[in-house]
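> Given these sequences and hints, build the entire structure.
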Amino acid sequence: MALLEVENLHVGVEDEDDLDILKGVDLTLDTGQLHALMGPNGSGKSTLAAVLAGREEYEVLDGEIRYDGEDLLKLEPEERAEEGIFLAFQYPVELPGVSMTNFLKEAVNSVREARGQDELSSAEFLQQLRERADMMGLDADLTKRSVNEGFSGGEKKRNEIFQLAMLEPRLAILDETDSGLDIDALQNVSDGVNKLRSDDRGFLVITHYERILQYIVPDRVHVMLDGKIVRSGGKELARQLEDHGYEWVREEAAAAAA
Amino acid sequence: MSTSETEYLKGKASEDYEHGFYTDIESEKAPKGLDEDIVRYISRKKDEPEWLLDWRLKAYRYFDQLLESGHYPDWAHLDYERPDFQNMRYFAAPKGKAEYDNLDEVPDEILETFERLGIPLEEQKALTGVAVDAVMDSVSVATTFKEKLKEKGVIFKSFGEAAKDHPEIVREHLGSVVPYTDNLYAALNSAVFSDGSFVYVPEGVTCPMELSTYFRMNEQGTGQFERTLIVAEPGAYVSYLEGCTAPMRQEHQLHAAVVELIAHEDSEIKYSTIQNWYPGDEEGQGGVYNLVTKRGICKGDNSKISWTQLETGSAVTQKYPSVILAGDNSVGEFYSVAFTKGHQQADTGTKMQHIGKNTNSTIISKGISADVADNSYRGLVKVGKNADNARNFSQCDSMLLGPNCGAHTYPYIESNSPTAQIEHEATTSKVGDDQMFYCHQRGLGEEEALKLIVNGFCQEVLQELPMEFAVEAKELLDIELEGSVG
Numbered sequence: 001m002a003l004l005e006v007e008n009l010h011v012g013v014e015d016e017d018d019l020d021i022l023k024g025v026d027l028t029l030d031t032g033q034l035h036a037l038m039g040p041n042g043s044g045k046s047t048l049a050a051v052l053a054g055r056e057e058y059e060v061l062d063g064e065i066r067y068d069g070e071d072l073l074k075l076e077p078e079e080r081a082e083e084g085i086f087l088a089f090q091y092p093v094e095l096p097g098v099s100m101t102n103f104l105k106e107a108v109n110s111v112r113e114a115r116g117q118d119e120l121s122s123a124e125f126l127q128q129l130r131e132r133a134d135m136m137g138l139d140a141d142l143t144k145r146s147v148n149e150g151f152s153g154g155e156k157k158r159n160e161i162f163q164l165a166m167l168e169p170r171l172a173i174l175d176e177t178d179s180g181l182d183i184d185a186l187q188n189v190s191d192g193v194n195k196l197r198s199d200d201r202g203f204l205v206i207t208h209y210e211r212i213l214q215y216i217v218p219d220r221v222h223v224m225l226d227g228k229i230v231r232s233g234g235k236e237l238a239r240q241l242e243d244h245g246y247e248w249v250r251e252e253a254a255a256a257a258a
Numbered sequence: 001m002s003t004s005e006t007e008y009l010k011g012k013a014s015e016d017y018e019h020g021f022y023t024d025i026e027s028e029k030a031p032k033g034l035d036e037d038i039v040r041y042i043s044r045k046k047d048e049p050e051w052l053l054d055w056r057l058k059a060y061r062y063f064d065q066l067l068e069s070g071h072y073p074d075w076a077h078l079d080y081e082r083p084d085f086q087n088m089r090y091f092a093a094p095k096g097k098a099e100y101d102n103l104d105e106v107p108d109e110i111l112e113t114f115e116r117l118g119i120p121l122e123e124q125k126a127l128t129g130v131a132v133d134a135v136m137d138s139v140s141v142a143t144t145f146k147e148k149l150k151e152k153g154v155i156f157k158s159f160g161e162a163a164k165d166h167p168e169i170v171r172e173h174l175g176s177v178v179p180y181t182d183n184l185y186a187a188l189n190s191a192v193f194s195d196g197s198f199v200y201v202p203e204g205v206t207c208p209m210e211l212s213t214y215f216r217m218n219e220q221g222t223g224q225f226e227r228t229l230i231v232a233e234p235g236a237y238v239s240y241l242e243g244c245t246a247p248m249r250q251e252h253q254l255h256a257a258v259v260e261l262i263a264h265e266d267s268e269i270k271y272s273t274i275q276n277w278y279p280g281d282e283e284g285q286g287g288v289y290n291l292v293t294k295r296g297i298c299k300g301d302n303s304k305i306s307w308t309q310l311e312t313g314s315a316v317t318q319k320y321p322s323v324i325l326a327g328d329n330s331v332g333e334f335y336s337v338a339f340t341k342g343h344q345q346a347d348t349g350t351k352m353q354h355i356g357k358n359t360n361s362t363i364i365s366k367g368i369s370a371d372v373a374d375n376s377y378r379g380l381v382k383v384g385k386n387a388d389n390a391r392n393f394s395q396c397d398s399m400l401l402g403p404n405c406g407a408h409t410y411p412y413i414e415s416n417s418p419t420a421q422i423e424h425e426a427t428t429s430k431v432g433d434d435q436m437f438y439c440h441q442r443g444l445g446e447e448e449a450l451k452l453i454v455n456g457f458c459q460e461v462l463q464e465l466p467m468e469f470a471v472e473a474k475e476l477l478d479i480e481l482e483g484s485v486g
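Chains as they are written, first to last, in my numbering: chain A, 1 to 258; chain B, 1 to 486.
If you're looking for bench data, these hints aren't it; they were derived computationally from the structure. Keep in mind that a hint or two might mislead.
In silico lysine-lysine, BS3-like type, Cα no more than 25 Å apart, as pairs [what the hints assert, rightly or not]:
{"no.": "1", "chain 1": "B", "residue 1": "K474", "chain 2": "A", "residue 2": "K105"}
{"no.": "2", "chain 1": "B", "residue 1": "K351", "chain 2": "A", "residue 2": "K144"}
{"no.": "3", "chain 1": "A", "residue 1": "K228", "chain 2": "A", "residue 2": "K74"}
Cβ pair distances, simulated, as ranges [unchecked claim]:
{"no.": "4", "chain 1": "A", "residue 1": "E119", "chain 2": "B", "residue 2": "G204", "range": "43 to 53 Å"}
{"no.": "5", "chain 1": "A", "residue 1": "E57", "chain 2": "B", "residue 2": "T419", "range": "44 to 54 Å"}
{"no.": "6", "chain 1": "A", "residue 1": "R211", "chain 2": "B", "residue 2": "P418", "range": "52 to 62 Å"}
{"no.": "7", "chain 1": "B", "residue 1": "M467", "chain 2": "A", "residue 2": "A114", "range": "55 to 65 Å"}
{"no.": "8", "chain 1": "B", "residue 1": "T427", "chain 2": "A", "residue 2": "W248", "range": "30 to 40 Å"}
Virtual Cβ for every residue (Gly too), placed ideally from N, Cα, C.
Written out as structure tokens, the structure is:
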């Protein structure tokens with residue numbers, strides 16, 4: 001069934017009247033599926049991710065988003081998280097002095113409470129923390145440090161996937177998690193994602209390189225250009241884009257519009 | 001259990017005045033106003049030795065002179081009315097009567113707060129002023145505590161008792177670090193101080209426990225002008241905790257304490273404060289003027305004094321816990337979190353005075369302001385000409401929780417030694433939208449997110465507090481923040 005349905009979504013930036021970033025996005029993602037959203041810089045991919053997560057600076061001008069059949073737009077960002085939406089940030093934020101352990105314990109128990117589960121005891125939580133850090137190939141020492149503070153680029157990205165593992169979302173959105181990663185780190189992060197794929201979880205993987213999709217094989221690939229999804233296809237579409245760039249999609253889209 | 005809890009809870013308790021928590025207790029009070037007779041009256045009431053009365057009188061005369069000539073220490077970034085010294089009462093005898101006969105009579109809200117802070121039942125009784133019977137645990141706790149200290153030769157008494165029992169030590173050190181000529185409020189305190197704490201740790205002794213005034217329960221009712229004196233003999237170590245609060249009153253209350261620390265060779269004194277005096281109401285009415293002089297001297301070589309403070313209360317705070325680094329290789333530290341909200345104002349910091357060789361000082365200050373509050377760091381690092389290789393590191397960070405509050409940093413550096421190394425870092429930040437959104441995305445609401453971020457900001461300082469104090473400090477910060485979201 002459809003986990004996420006985006007219909008004719010138009011989005012602008014607050015206080016800037018004539019600047020639409022998304023110009024009628026349609027997208028349906030079924031649970032258990034992993035979709036890739038590709039497109040050149042500035043096409044609106046990250047904006048879509050931010051709107052899904054509830055970032056306030058963006059204004060939804062038209063259209064709707066249903067998550068699990070319910071209107072997503074009326075939920076606060078933290079409510080969306082509680083309902084199981086997780087965003088792996090393109091630029092993870094540093095929280096000086098806030099230990100990873102503390103941060104995640106608060107976060108995990110907050111979403112557990114919202115989902116009607118019991119709070120984890122400290123012992124249970126720490127055990128889970130260790131297990132999942134291990135599973136995600138995250139250096140356990142990082143969990144003792146402040147959130148993202150002084151982490152390398154690769155560590156930050158890995159940390160996002162680790163948090164994904166801890167928070168057990170139903171819809172995970174990865175916003176250019178592959179950017180800035182070397183090949184080893186990319187493989188490591190991809191392994192982590194693959195381990196987390198399951199029948200009751202959907203993934204939207206945003207990227208502008210096909211490379212990550214060699215490790216994380218998508219069920220569907222969408223191409224976004226200038227605020228719209230102009231083409232969708234199977235995993236072979238990613239390959240085509242890698243070989244031929246985005247220009248032919250652009251031309252086709254222009255021809256179709258004409 | 002620490003004093004700050006005691007005091008903090010008394011503060012929480014005081015919020016319930018309108019529900020009749022406060023009963024006008026029978027106490028013996030001096031008439032309003034201040035003159036030599038009042039000073040004599042206080043001294044007589046406390047049955048003090050002659051030399052102490054003389055000292056008080058000298059202090060009073062000096063205070064009077066300063067007042068006559070208009071010497072107010074009002075150079076700080078603070079805006080408040082000068083206290084009317086003739087309209088205050090300087091002595092009230094400690095209450096003898098319990099406020100409640102048993103815990104059932106204590107309002108539920110107060111008990112809930114106890115619950116939240118995890119205060120044991122017997123301590124709750126002590127804190128709320130429930131009648132204490134002879135067999136209760138906290139008395140035996142206090143007794144065990146006293147036995148242990150006695151074994152080690154540590155003296156921990158009220159100032160009044162110490163002046164009688166150990167006149168030679170008190171006399172030698174009283175006013176030696178903060179003379180009554182130091183400033184107007186130090187002079188006032190010296191003239192009228194009601195009581196306070198005295199700690200003496202003999203040579204080579206590590207005090208076996210954290211000392212806090214809670215364990216000196218038989219000394220209730222110490223006033224707004226307390227005086228603390230701590231002496232660490234060579235090789236001694238002591239950690240002292242203090243906490244403060246004041247009941248809610250319409251008018252402003254003056255709190256002018258003096259703290260003196262003396263660290264001899266190879267000794268260490270760690271002094272921690274959680275200050276949560278009543279800050280006044282939402283309109284800025286009432287609240288404590290917290291005008292305090294705290295100073296320590298590292299007298300001997302290799303000695304160390306460390307101040308840690310969490311300042312969340314008071315309408316006005318002006319205090320600069322300082323260290324005179326006289327001994328060679330001595331170390332001075334100042335760790336501070338000052339949180340101001342509503343109409344609160346704080347001007348706080350430290351003075352590190354390097355005199356000995358190879359002396360080292362560290363200053364970590366975190367200021368947080370919300371609403372229309374003002375928060376200033378003011379610090380002086382002074383290096384004397386013989387203080388070869390003196391080092392200082394200062395870091396002053398400010399965080400603003402809204403568009404209408406203020407943060408200011410006034411670092412002063414005076415170096416007279418070419419070999420000194422002085423570093424100063426300062427940052428001002430707002431809690432970022434990015435940080436908040438990141439937390440929200442992980443399921444944390446507005447308040448939870450803010451608490452995490454602010455606690456993180458203060459972490460470097462809070463971790464300097466003794467364990468049980470740190471937990472309480474965090475809880476206190478959380479409670480303070482609860483009204484600051486939005």
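> Please go over all the hints and tell whether each is borne out by the structure.
A quick look at each hint next to the structure:
{"no.": "1", "hint": "B:K474 to A:K105", "result": "holds (16 Å)"}
{"no.": "2", "hint": "B:K351 to A:K144", "result": "violated (34 Å)"}
{"no.": "3", "hint": "A:K228 to A:K74", "result": "holds (23 Å)"}
{"no.": "4", "hint": "A:E119 to B:G204: 43 to 53 Å", "result": "holds (48 Å)"}
{"no.": "5", "hint": "A:E57 to B:T419: 44 to 54 Å", "result": "holds (52 Å)"}
{"no.": "6", "hint": "A:R211 to B:P418: 52 to 62 Å", "result": "holds (58 Å)"}
{"no.": "7", "hint": "B:M467 to A:A114: 55 to 65 Å", "result": "violated (32 Å)"}
{"no.": "8", "hint": "B:T427 to A:W248: 30 to 40 Å", "result": "violated (50 Å)"}
Violation of the numbered hints given earlier is confined to hints 2, 7, 8; the remaining hints are satisfied by the structure.
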